[in-house]
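Residues per chain, in single letters:
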Amino acid sequence: MPKNNAIKKVLVIGSGPIVIGQAAEFDYAGTQACRSLKEEGLEVVLLNSNPATIMTDKDIADHVYIEPLTVEVVEQLILKEKPDSVLPTLGGQAALNLAMELEENGFLKEQGVALIGTTSETIRKAEDRLEFKTTMEKIGEPCAASLVVESVEEGVRFAEEIGYPVVLRPAYTLGGSGGGIAQTREKLMEILENGLRLSRVGQVLVERCIAGWKEIEYEVMRDGKGNCITVCNMENIDPVGVHTGDSIVVAPSQTLGDKEYQMLRTSALNIISELNITGGCNVQYALHPETFEYCVIEVNPRVSRSSALASKATGYPIAKVAAKIALGYTLDEIKNAVTKKTYASFEPMLDYCVVKIPRLPFDKFISAKRTLTTQMKATGEVMSICDNFEGALMKAIRSLEQHVDSLMSYDFSHLDEEELLEELAVVDDTRLWKIAEAVRRGISYEAIHRITKIDLWFIDKIAVLVEMEQKLESSQLDKELLGEAKRLEFPDGVIARLSGKTEGQIRDMRRRWGITAAYRMVDTCAAEFAAETPYYYSVFGSENEAVVTDAGYGNEDETAEALSVCYKKDDPAKVPAISGSEQDTGVTAVSGEDKENTDMERKKKVLVLGSGPIRIGQGIEFDFCSVHCTWAFSKEGYETIIVNNNPETVSTDFDIADKLYFEPLTPEDVGHIVDLEEPDGAVVQFGGQTAIKLTESLMKMGVPILGTSAENVDAAEDRELFDEILEKCGIPRPSGGTVFTAGEAKEVANRLGYPVLVRPSYVLGGQGMQIAINDRDVEEFMGIINRIAQDHPILVDKYLQGKEIEVDAVCDGEDILIPGIMEHIERAGIHSGDSISVYPAKSISEKTKRTIEDYTRKLAQSLHVIGLINIQFIVCGEQVYVIEVNPRSSRTVPYISKVTGIPIVPLATKVIIGRKLRDLGYTPGLQPEADYFAVKMPVFSFEKIRGADISLGPEMKSTGECLGIARTFDEALYKAFLGAGIRLPKYKNMILTVREEDKEEAVEIGQRFQKIGYRIFATKGTADALKRGGVKANMVRKIEQESPNLMDLILGHKIDLVIDTPQQGADRARDGFVIRRNAIETGVNVLTAIDTAKALITSLENTDIRKLTLVDIAEI
Amino acid sequence: MKAFLILEDGTVFTGTSIGSPRDMVSEIVFNTSMTGYLEVLTDPSYAGQAVVMTYPLIGNYGITPDMESDRAWPDGYIVREISRMPSNFRCQGSLPDFLCRQDIPGIAGIDTRSLTKRLREKGTMNGMITTNENYDLHEILPELKRYQIGDPVSEATCKEQYVLPGDGPKVALLDFGAKKNIARSLNQRGCEVRVYPAHTPAEEIIAANPDGIMLSNGPGNPETNVSIIEEIRKLYDTDIPIFAICLGHQLMALAKGGKTYKLKYGHRGGNHPVKDLETGRVYISSQNHGYAVDAASMDPSVAREAFVNVNDGTNEGFAYEGKKIFTVQFHPEACPGPQDTGYLFDRFLEMMKGA
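Chains as they are written, first to last, in the working numbering: chain A, 1 to 1116; chain B, 1 to 355.
Calculated directly from the structure, the hints in this document are not laboratory data. A portion of the hints provided could be inaccurate.
To be verified - Sample of chain A residues with no beta-carbon within 10 angstroms of chain B, all distances over it, derived:
no.	residue
1	L256
2	F389
3	E780
4	G981
Claimed, not checked - Result set (DMTMM-like, lysine to aspartate or glutamate): computed pairs, CA atoms no more than 25 angstroms apart in a straight line:
no.	chain 1	residue 1	chain 2	residue 2
5	A	K335	B	E278
6	A	K858	A	D791
7	A	K138	B	D346
8	A	K3	B	E278
9	A	K858	A	E779
10	A	K341	B	E278
11	B	K170	B	D346
Every residue gets a Cβ at the ideal spot worked out from N, C-alpha and C, and that includes glycine.
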């Protein structure tokens, strides 16, 4: 079926801010889809409130709107841009829900706008629990016994009929919010009550518990003609009971026979056909481990996290193909972009094994429960590829960047057997390590399986790794053993530890014995066809396929030719053998002549290091930077090589760089690539802390660091060096000192006077940073920081409460360019990533701005910055202090690029390769302010993480961000709040409870909320203060007092907003914790900083949701 | 024990011996299925060939009852890694034990991707698996070049006819090395299936008055089956509906003036898209063939091309003009592979009912 020519202008809806359950995968999908639509000559209008995404770039779409994802906004946008179609299947649940509302309210029909890629009927059939069940019954696809309930009583009745345990799934929520497994009536009532509230339609599915069954997923594609294929199937190592987003997943399935595989495949095709889906779809199954019985768990009628994973695992570009299908193409008309020989109607075949491990945020939320349930908690994930499962698992483990490099990284040896068995039953992020410990103790596979329900095959694979640990410890390390350990992807460091050697010795042994990593291609077809896409993964003991451009052979055919020549001409007895254990990379013979020729034409080669898994503090922004840097290098004539391990991102799409190595970002793994590619340089300043951490190792490998040198990166982190620079430049900073022990820290703190900031150096996202108000706090924080051995000293600084200001600048070694100055709404003390950031800064004087410009220039010059620098200042009156300097890209770069229209990353890239700002057409210095206000609002996922403290402080907690952009500050602020999901007013009831020092400001806030019609509830202290200030406050009892109290009010669901500002210092974790947690879990908005509350009331006073003006970023 | 795979171009892969330690010489072909290794091993179409599995982890679920015939057929078996711990609720034993019992020599631990690429670039090659470390390439290479598949159909077909009872249409299944699931697919649809040895005279089959005739898959070069082709021509001349799969499809084409040719490296796997030219629908099919019919060689007044391979445009099926005969190159009986084209058996049933 040819393209539908009626489609000329398409509105693509993105997924909004990154939250748990809806992350970077939708930037990847949306970006791929937009490029695919533009390739077809269509005009693309893009809507997404998330400014950190690549999809919201003007290179990606023709019209870009970074506006809140609400029905009102989409309606206004449709009226303004007049698209003929809306494509909602690439923006996750957020986009799908919006499309549903627009279809249901008749707006699309009214405006003659078509929904493409899906129909509302399809969405309803897949998403509405009851319709889904009816549809499945109709085609004979089994679902677990279940009932959709709309009240707690109904749920209890049904659960008692089918028996506990039961699983609860609220309809239309992200990442399974509010779901869970209930073993008892009490638990059922608790989860159900919450779930009913969180569901958009007030429905929760109560179903038979199939926990312990195998969890299998299929990714299916279908076109408008009814052709369907499966892209990939995946098996969760963690059986049903853990959300697939939190499970360790392997692709393809490993323990299914062809019977089971095909049974489920056929079922998936039946389902996608019955739902009449045109595009991609994900079907999740529970398969009984001892029969052929199965249940359909869920269908996602859209591109999902799993489809991003399947795309990266197979090389099949699901989003791209889905977009083409939406335009009317059929699968057999769409070329397979990887092989360029086959078509999209071909099912990928893997000749390797893929492992995905979730990145869980428990390092940020120390108080949170680590148990994994049906509610997703992971912020990101890593993927790895190898030709054996053990190797893929080992690579994935070290890709996590959580101080883990093997199955020995979490120590459970102190537990006795009984305790260990008990621990095994706890499903958390360390279960893999507990199983390894159980295997080490000789606990039988069956016993482990009985407790964990994990398939014996996987347990055996863990055992293979444990056996290798033991062999390395006890046997002589010979060539064969080392080769096998490397085949299983043991890092050199681990082998060294086990065998009592140094890492250097292991490396030397490997080199001597020729044990090197070879790279194989992900080609979608198990080598059946020659592929052209340079997407590689490493394998030890294999033939290398990565064609290195300067090695003198241009393509694969020549390689094959060269091989046959050298095999034939020699005496047959000397024919080189290719073997599993012995290394043979094939071609070595390269004539000098060829080498010379290629050298002359040879492009310079640059290694771009990605940022690894998405985690709090290091999000999608760094992928934005890495991708733009890659594109910029490409435009400048460089050959680009990306190394990354995150399957959700744009940077790991196969057509972003000239070459993609899907590998862990450790010195050793990157070293193997460097050995092969011998790049002319590496860029580390765009890949966040992950890339920065590799700087030293890259230099040791002899790879030049492009841009700011490593010594200067160090100078910014090294307290003494940095103080020298500041002194030389005459720039003040809050006084402080460096310490290693708690004793030293207390000494410094007392010298400075409390409060003080305590933090480790070399961290991102303020990890471990705390405000201490007394010696006890210092002791506690030092204890936490020192739990992980610190290579660098800990910093103790005087805490200044002023305005926090941030700039990003590009420096070419002489001149600097500051696109704009950003101001934080919350005063210093709250992590910059968790603060509302306003551009242009509106409450500092012109003189202060000049001071900031001057300091920035001086710092950039003194640190010899070539490329990007990010500086944070504190302004107290007219006094400007520097608090942090990062000679690298930052979280704010994407947003400030977009609102100022200055392409910061491409500019920095050009500067890195030696161009000058003046020659690039820019006037150095602080750039004129834009005509718009832009407000970046942090977005949190607190409701997903049980037990996490939501109060803000110096340690970052937000998972994503959204942007409000408008001509006036108030409207921009309002849009930002709206984008973050704070939709007020509903009931016009609020709770105000503040700490002593905020009481005065609370009165003002109370007055203003009262004026716009809010009823204010407050606990005694706050209520008294409010009353004194003339605010009608209703006093409520504290939660420790008898009912009815504050908690009843919150649980009564009539509250719009809780403003609760906790005490500073360690005690804040305890103060009001229960109130804040319960409010969040009940879906009530909670603000913990007085400044945020002020900003909110300002935006509410001045703006009306119906009168927003929409700004096309592409025109800035 | 070490084992060596020696290809006719002189390439040697060193790995570990699995299965029988004896030497074997055969034609080396690769299969890209990720599951279904047991069905592959017991598919009689592999008689005279040694199979490389491109998926690296083989034997994960052990030996289950999913056998497509009573024994293993390939001359040799080549894998990257063979599982030491099979796990499945129907598992009755391990793959290494099965290979030993069936006396199939094999090799594990070699770079199967490198091998596959070599077969893809140079075309299907002959090769040897040996455990003799002192092999002499001077002697072996000429021997490898000489190897030719003999008369594998005679070896793979059943020796005597047998019946699967059913109340529905009576189907005569000509067994050229049939996978069990062909008969099973018909039988499950109610057919009484009488399975005949490959060399049964046409007259005998016609005399039994079947409602339809099924020509099965099978091994080897179709052109060598001269006498069978003769008999098929006679079957064509009757009005009995005929459905043919794989080798059966090729033999019918040869019987009616078509030509077959050897593909460079064949189609073996479970992911090949075939297009039904009548409806334009595309189905993912299970395939296992080294030869194909040259569609251009068929007189269009005799047969029109009904299915084509989306990837390489090779012929995947014919509908015979004025006849109740349709034939496909791929495997609607699946096992292993996708079940998407199973509807063709229903079409055959419709045809028989309409007869």
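So, going through the hints one by one against the coordinates:
1. L256: violated (6 angstroms)
2. F389: violated (6 angstroms)
3. E780: holds (47 angstroms)
4. G981: For A/G981, whose nearest Cβ neighbour in chain B is about 42 angstroms away, the distance exceeds 10 angstroms, so it holds.
5. A/K335 to B/E278: holds (22 angstroms)
6. A/K858 to A/D791: violated (29 angstroms)
7. A/K138 to B/D346: Roughly 21 angstroms separates the two Cα atoms, so the pair holds.
8. A/K3 to B/E278: holds (21 angstroms)
9. A/K858 to A/E779: violated (36 angstroms)
10. A/K341 to B/E278: Cα-Cα ~24 angstroms, so holds.
11. B/K170 to B/D346: Holds - the C-alpha atoms of B/D346 and B/K170 are around 14 angstroms apart, at most 25 angstroms.
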